[in-house]
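Student: Top line first, the protein sequences correspond to chains F and U. In this text, residue positions in the first sequence follow our numbering: the first is 6, and each later residue adds one. In this text, residue positions in the second sequence follow our numbering: the first is 6, and each later residue adds one.
Errors might be hidden in some of the hints.
Copies of the same chain are indistinguishable here, so a pair counts whether it falls within one copy or spans any two.
[Unchecked claim] Pairs of lysine-lysine residues, derived as BS3-like cross-links and limited to a Cα-Cα distance of at most 25 Å, are as follows:
no. : residue 1 : residue 2
1   : Lys65     : Lys298
2   : Lys235    : Lys126
3   : Lys126    : Lys52
4   : Lys131    : Lys65
5   : Lys288    : Lys131
6   : Lys158    : Lys99
Hints were generated in silico from the structure; no laboratory data involved. Computed from a predicted structure; not experimentally measured.
Each chain, written out:
Number of protein chains: 2
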Amino acid sequence: MSIVIVSTARASSHWVKTLKEKDESLDIQVYPDVKRPEDIEFAISWKHPEGLYQNYPNLKVIASMGAGVNHILKDENLPKNVKVTRIVDEQLTKDMGQFVLLQCLAISRNLFTHLHDQKRKHWEVKRYQTPEQTKVGIMGYGVLGQEAGRALKANGFSVVGYANSSKTVDGIRVYGADEKGQFLKQTQILVCLLPVTPNTQGVLNIQLFKKLQPNAYLVNVARGEHLVEKDLISAIDQGFIKGASLDVFQEEPLPESHPFWNHKDIQITPHIASMTDPESVAKQLLDNYKRMKDGESLINEVNRNKGY
Amino acid sequence: MSIVIVSTARASSHWVKTLKEKDESLDIQVYPDVKRPEDIEFAISWKHPEGLYQNYPNLKVIASMGAGVNHILKDENLPKNVKVTRIVDEQLTKDMGQFVLLQCLAISRNLFTHLHDQKRKHWEVKRYQTPEQTKVGIMGYGVLGQEAGRALKANGFSVVGYANSSKTVDGIRVYGADEKGQFLKQTQILVCLLPVTPNTQGVLNIQLFKKLQPNAYLVNVARGEHLVEKDLISAIDQGFIKGASLDVFQEEPLPESHPFWNHKDIQITPHIASMTDPESVAKQLLDNYKRMKDGESLINEVNRNKGY
Numbered sequence: 006m007s008i009v010i011v012s013t014a015r016a017s018s019h020w021v022k023t024l025k026e027k028d029e030s031l032d033i034q035v036y037p038d039v040k041r042p043e044d045i046e047f048a049i050s051w052k053h054p055e056g057l058y059q060n061y062p063n064l065k066v067i068a069s070m071g072a073g074v075n076h077i078l079k080d081e082n083l084p085k086n087v088k089v090t091r092i093v094d095e096q097l098t099k100d101m102g103q104f105v106l107l108q109c110l111a112i113s114r115n116l117f118t119h120l121h122d123q124k125r126k127h128w129e130v131k132r133y134q135t136p137e138q139t140k141v142g143i144m145g146y147g148v149l150g151q152e153a154g155r156a157l158k159a160n161g162f163s164v165v166g167y168a169n170s171s172k173t174v175d176g177i178r179v180y181g182a183d184e185k186g187q188f189l190k191q192t193q194i195l196v197c198l199l200p201v202t203p204n205t206q207g208v209l210n211i212q213l214f215k216k217l218q219p220n221a222y223l224v225n226v227a228r229g230e231h232l233v234e235k236d237l238i239s240a241i242d243q244g245f246i247k248g249a250s251l252d253v254f255q256e257e258p259l260p261e262s263h264p265f266w267n268h269k270d271i272q273i274t275p276h277i278a279s280m281t282d283p284e285s286v287a288k289q290l291l292d293n294y295k296r297m298k299d300g301e302s303l304i305n306e307v308n309r310n311k312g313y
Numbered sequence: 006m007s008i009v010i011v012s013t014a015r016a017s018s019h020w021v022k023t024l025k026e027k028d029e030s031l032d033i034q035v036y037p038d039v040k041r042p043e044d045i046e047f048a049i050s051w052k053h054p055e056g057l058y059q060n061y062p063n064l065k066v067i068a069s070m071g072a073g074v075n076h077i078l079k080d081e082n083l084p085k086n087v088k089v090t091r092i093v094d095e096q097l098t099k100d101m102g103q104f105v106l107l108q109c110l111a112i113s114r115n116l117f118t119h120l121h122d123q124k125r126k127h128w129e130v131k132r133y134q135t136p137e138q139t140k141v142g143i144m145g146y147g148v149l150g151q152e153a154g155r156a157l158k159a160n161g162f163s164v165v166g167y168a169n170s171s172k173t174v175d176g177i178r179v180y181g182a183d184e185k186g187q188f189l190k191q192t193q194i195l196v197c198l199l200p201v202t203p204n205t206q207g208v209l210n211i212q213l214f215k216k217l218q219p220n221a222y223l224v225n226v227a228r229g230e231h232l233v234e235k236d237l238i239s240a241i242d243q244g245f246i247k248g249a250s251l252d253v254f255q256e257e258p259l260p261e262s263h264p265f266w267n268h269k270d271i272q273i274t275p276h277i278a279s280m281t282d283p284e285s286v287a288k289q290l291l292d293n294y295k296r297m298k299d300g301e302s303l304i305n306e307v308n309r310n311k312g313y
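For reference, chain F alone in the conformation it holds in the complex (with noise of 0.2 Å):
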């Protein structure tokens, strides 16, 4: 009985050795250097090569490293009764509570255009909007929604949200589907945490830009799917919207022949909002692969079918 790590992108050897302080009788194997694919049961999953997962025979549970699971349920060749797991963590939802907040007051206090004018020796006194006078729109209302309009809230922002059925969570409103058109035409910043969902692909476009308030800004730190890359350079081109703040994109890392790099109304930064701590989350999987061996339900599994 053997756990697997799958991690394309990120480096694994963290992972082996703070699974193995807390229980040092686990049985281990790093993908590639996978010897008894027939031991495999359980996989800790970044970013695999689509189709891997046919490879072991008795998989059981794939575990996403991270709050996202559209890496795993992408692969049109999973296996069919696999389970899926993500991570729900404490600390992971409060980094990205507080990556959000960092960009509404960076973008209510005009820090990215004053960073620009640094770079041309400008010196110009600009008038900020305080929280209180900023509406920031978040799309996506679930655990990492709740706690950003939480945080934004707590320092003084005005916020509204966006969800599939409208609802008022800590006294914030959340719009429904069929509301979006009043939830965009209010919103001056726009906070995606959307999952991916076929539904939600592409859902960051043009035409969504210009339902916006004048002089909107965009935060996307979900995925680089929900943006219509070329229609966020239109938007801003063309004076729909302002500005954005990148955390995800559609390929990652960004190519260097990305149009993104140079546009100086586009802030980037590399998939940082959020980031999983192998300590905070060993003992979340581990749990998992208890629950697993005992026979009992998961923490955290995924409906396969909505994708969250």
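Given chain F's structure and the hints, the job is docking chain U onto it.
Tutor: For chain U alone, coordinates are given in the frame of chain F:
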């Protein structure tokens, strides 16, 4: 009986308009177009020409347009019996707290490094520090320092303070003048919110930088006079500190030839951490004007000897 508005660095028209809206009967003169200097009893002042106030024989009060008063007190020819007031504005205080929070989040989340990486098309995932792992030391623990401490603590940062005398404010340990070494040696992000006095000028110097935690970061949102500017560059170049976010400078606007503009580890904003909004402070100024006329004690009067 007249008010004079003296502002060599900020536009006066907004002030006249806002004050007149509150009280149409006010007689307001705008420097340098002062027709009847003997009528002037109350000055609303920002960076006046040295010696100017000797020309107004009946002047009773000089009210600073902002939180700082050093621009008034440094005038060696300031009439002896004139009272000096400062603005203590709740919005000004909140704005400062939020700007400090923005800077501390940006530093702990490596935002400036990522934006620098963007310029050279370099994708590098860097592990961030959580606020809980980040110790912020606030020098100067008056109204503004306390608000910064509150905002930082509310968002998870570990905070200590430094003031003349040791105390505990809202659960934050504030070290006294005789405990400076203890305060500095644990500080990772040093936030300067001191008033400008003969004792605090040049306090941010190389000896102080050497006492901070390795890879510390400076945030100066007080006044340019606090920082020995050449020491900052030496301290960064010699590796004593990692970088700085500066909102204030010895000379403002920062001269085009100044080495700060091009320094990759120094972030510049044009004195916008907290900007006086005429609307929100006009009430406070007029209140003091009325108190002066009625012979009552003034609000937020400064001790001219202490300088704050």
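Student: None of the hints should be skipped; say for each whether it holds.
Tutor: Structure-based check of all given hints:
1. Lys65 to Lys298: within (10 Å within a copy, 83 Å between copies)
2. Lys235 to Lys126: Between copies, since 19 Å is at most 25 Å while 30 Å is not.
3. Lys126 to Lys52: between (43 Å within a copy, 23 Å between copies)
4. Lys131 to Lys65: The answer is neither: 57 Å in one copy and 33 Å across copies each exceed 25 Å.
5. Lys288 to Lys131: Classified as between: cross-chain Cα gap 23 Å, same-chain 48 Å, threshold 25 Å.
6. Lys158 to Lys99: Close inside one copy (14 Å) and across copies (14 Å); limit 25 Å.
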